[in-house]
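With the sequences and hints as input, model every part of the structure.
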Amino acid sequence: MNIDWWLLFEISLAGLGTGGLYALTGLAFVMIYKATRVVNIAIGEMLMIGAYIFFAFSAGMGLPIWLAIPGALLVCGAFGALVERTMIRPMLGESPISSFMVTVGLSSILVGVVELVWTADQQRLPEFLPTKPIEIGQAFVSPKIFYGFWIAVLLITTVLLVFRFWRGGVALRATASDQAAAYSMGINVPRVFSLAWVVAAMIAGVAGIVVGSIGGISSAMGIFGLSVLVVVIFGGLDSVLGALVGGLFVGLVEALTGFYIGGEYKILATFTLLVLILVVRPYGLFGTHEIERL
Amino acid sequence: MRIGSAKESYAADTALFDSPTQRTWLVVFAVALCLFPFVADDYWLYLACLVAINVASTSGLNILTGYTGLVSLGQSAFMGLGAYTVAILQIRWGTPFLLNLLAGGFVAMLAGMLVGLPSLRVKGLYLAIATIAAGVIAHFLFSHFTSLTGGSSGLTVPPAKLFGLELDDSFKLYWVIVPITGLMLLGAANLFRTRIGRAFIAIRDRDISAEVLGISLLHYKLMSFAISSFYAGVAGGLFAYFFRAVTPESFPLVMSIFFLAAVIVGGMGSILGSVLGAAFMTLVPELLKLLVGWLPLEAFGGNAALILSPVRTIVFGLMIVLFLIFEPLGLAEMWRRVRRVFHLWPFRT
Numbered sequence: 008m009n010i011d012w013w014l015l016f017e018i019s020l021a022g023l024g025t026g027g028l029y030a031l032t033g034l035a036f037v038m039i040y041k042a043t044r045v046v047n048i049a050i051g052e053m054l055m056i057g058a059y060i061f062f063a064f065s066a067g068m069g070l071p072i073w074l075a076i077p078g079a080l081l082v083c084g085a086f087g088a089l090v091e092r093t094m095i096r097p098m099l100g101e102s103p104i105s106s107f108m109v110t111v112g113l114s115s116i117l118v119g120v121v122e123l124v125w126t127a128d129q130q131r132l133p134e135f136l137p138t139k140p141i142e143i144g145q146a147f148v149s150p151k152i153f154y155g156f157w158i159a160v161l162l163i164t165t166v167l168l169v170f171r172f173w174r175g176g177v178a179l180r181a182t183a184s185d186q187a188a189a190y191s192m193g194i195n196v197p198r199v200f201s202l203a204w205v206v207a208a209m210i211a212g213v214a215g216i217v218v219g220s221i222g223g224i225s226s227a228m229g230i231f232g233l234s235v236l237v238v239v240i241f242g243g244l245d246s247v248l249g250a251l252v253g254g255l256f257v258g259l260v261e262a263l264t265g266f267y268i269g270g271e272y273k274i275l276a277t278f279t280l281l282v283l284i285l286v287v288r289p290y291g292l293f294g295t296h297e298i299e300r301l
Numbered sequence: 016m017r018i019g020s021a022k023e024s025y026a027a028d029t030a031l032f033d034s035p036t037q038r039t040w041l042v043v044f045a046v047a048l049c050l051f052p053f054v055a056d057d058y059w060l061y062l063a064c065l066v067a068i069n070v071a072s073t074s075g076l077n078i079l080t081g082y083t084g085l086v087s088l089g090q091s092a093f094m095g096l097g098a099y100t101v102a103i104l105q106i107r108w109g110t111p112f113l114l115n116l117l118a119g120g121f122v123a124m125l126a127g128m129l130v131g132l133p134s135l136r137v138k139g140l141y142l143a144i145a146t147i148a149a150g151v152i153a154h155f156l157f158s159h160f161t162s163l164t165g166g167s168s169g170l171t172v173p174p175a176k177l178f179g180l181e182l183d184d185s186f187k188l189y190w191v192i193v194p195i196t197g198l199m200l201l202g203a204a205n206l207f208r209t210r211i212g213r214a215f216i217a218i219r220d221r222d223i224s225a226e227v228l229g230i231s232l233l234h235y236k237l238m239s240f241a242i243s244s245f246y247a248g249v250a251g252g253l254f255a256y257f258f259r260a261v262t263p264e265s266f267p268l269v270m271s272i273f274f275l276a277a278v279i280v281g282g283m284g285s286i287l288g289s290v291l292g293a294a295f296m297t298l299v300p301e302l303l304k305l306l307v308g309w310l311p312l313e314a315f316g317g318n319a320a321l322i323l324s325p326v327r328t329i330v331f332g333l334m335i336v337l338f339l340i341f342e343p344l345g346l347a348e349m350w351r352r353v354r355r356v357f358h359l360w361p362f363r364t
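The listed protein sequences correspond, in order, to chains C and Z.
The first sequence begins at 8 in our numbering and counts up by one.
The second sequence begins at 16 in our numbering and counts up by one.
There's no promise every hint is true.
Said to hold, decoys possible - Where chain C lies over chain Z, by a calculated footprint (3+ residues, C-beta under 8 Å): (1) 144-156; (2) 170-180; (3) 190-198; (4) 322-334.
For the record, the hints were derived by calculation from the structure and aren't laboratory data.
For glycine and all other residues, C-beta sits at the position ideal for the given N, C-alpha and C.
Given below as structure tokens:
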């Protein structure tokens, strides 16, 4: 059998590029889960909101890109805080299924709002990434995916460093490992919850802007969130490393099946992977083994 | 329990409908259901059938989620399996109506047990996500197994035949759909007077204690999945006969979320809740249509048709969120509260 290695390499690179964005969004998901134990199924819709706010600032109000991106991120952060305060805080102490359902409701609300304000049609974000094709050896990589990947890498590194050394990050990790102990050490746990949602919403916002500039934005963008769900289950719900590895891996699997078997098999491959991982290692690759088994 | 209805025997204590008042109102309701088709127009009959189908499926999901505590986002996939089974049987062999419905139910049941298998290993939200995967895979089968399912264009179902009569409009279908739904509700209500139903509740409340009490988790969790997806399959069969067309797009993930929302809005672990929740969730979008139609939107340059769908999506999400925050026990609890006021009148609760 004769395999075109350069082609395989090119497709793998494209897959890793998308995988970087999965990893970034997965990071936002894991951050919320670690701090607040909420499985946020609305992560794809938060991505979408970020992209649309950027769209409103840049295309709608005509702001320059360097102003529109920070502006959009600020609004995303405020939005995250609002969601946490109005929807997640009242669900404290309820069963995890209830807070899960709240995020299901949230995703529906967000889709509705986007369709109401911007209609369901596909829109294009203004170009802000360089458009010169990238060549690595004989392989071509789409510049948007290439730069998107590096933005993801940069942001993930920043977030990891910040949460390693900044006081707030330490507070977040302390809360994640033991809420009661963190509380008694004087950490303001409700504020940590807020912080987690704000940061996650901002990360999702960046991911949304990049994803939107690659493939355009529409009210169906939230479908991206389904793949992210697979990513975090694959890597383990509460593992940052898992989200990163899982993101790259799922991106790779999707790109390879999409090319070698057919585009419509992509989602099938992703979810078959999900079923496999649930049967073999339900807590994911790097997740805590906390699932009760009977 | 109401004041002044002391139970004198065990039979009275375990009765499904325990007071004369309740029985009277049920008879009144049944008579009203019988008279309804003669006074209502086609639109309302259509809605009534739709509500009945949704009630059937929601009560199935309530057995699984509300009573056994296993969250499933695959209900629409099971409905789809039932609908496709019924459609294929009806088109290829023209087998009798009731037999098709049962077959649809059984096919969905087998699939449900297959999907239920991970429930032994993973719980709660992991399970919900596993059932999303089941929905995605079912959708893929519907749209790619073209020789059997007709691919993305789907199947057109000929009208059902019962005693030589073609059930081709809402009026005739009403007389089939509503009694079948009624039977299924009665079955669900009776289920929780048996060992099986009580075992489900025990598993929901604490699965480890349930197992210590001698309830085989494997057995009963799978049984709960089986019963729930059987209900979904029969509801899907009714769906196929009602809309007379089955396509892969008829059973999206949103539909599973709709049923879960109906269970939450109606009240988890309550048969009455399934009825109220499904009816409420089906009728609110229609109510919104009326409301949006009344509003003077054109005067402000709006387009009612364009606004309706996003507003429905927003209201759908808002209902889930608001009910969870302000009334986690759902409409059934509201109903109970109203009833209590009447029972205790003139005293206050």
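The hints, checked one at a time:
A stretch counts as covered by a chain when three or more of its residues have a beta carbon under 8 Å from one of that chain; for the stretch 144-156 of chain Z and chain C the count is 7, and the coverage holds. Using a Cβ-Cβ cut-off of 8 Å, 0 residues of the stretch 170-180 of chain Z lie near chain C, which falls short of the minimum of three, so the contact claim is violated. Here the stretch 190-198 of chain Z counts 0 residues with a CB under 8 Å from a CB of chain C, which misses the bar of 3, and the coverage is violated. Check result for the stretch 322-334 of chain Z against chain C: holds, 12 residues qualifying (beta carbon to beta carbon below 8 Å, three or more required).
Checked against the numbered hints above, the structure breaks hints 2, 3 and satisfies the rest.
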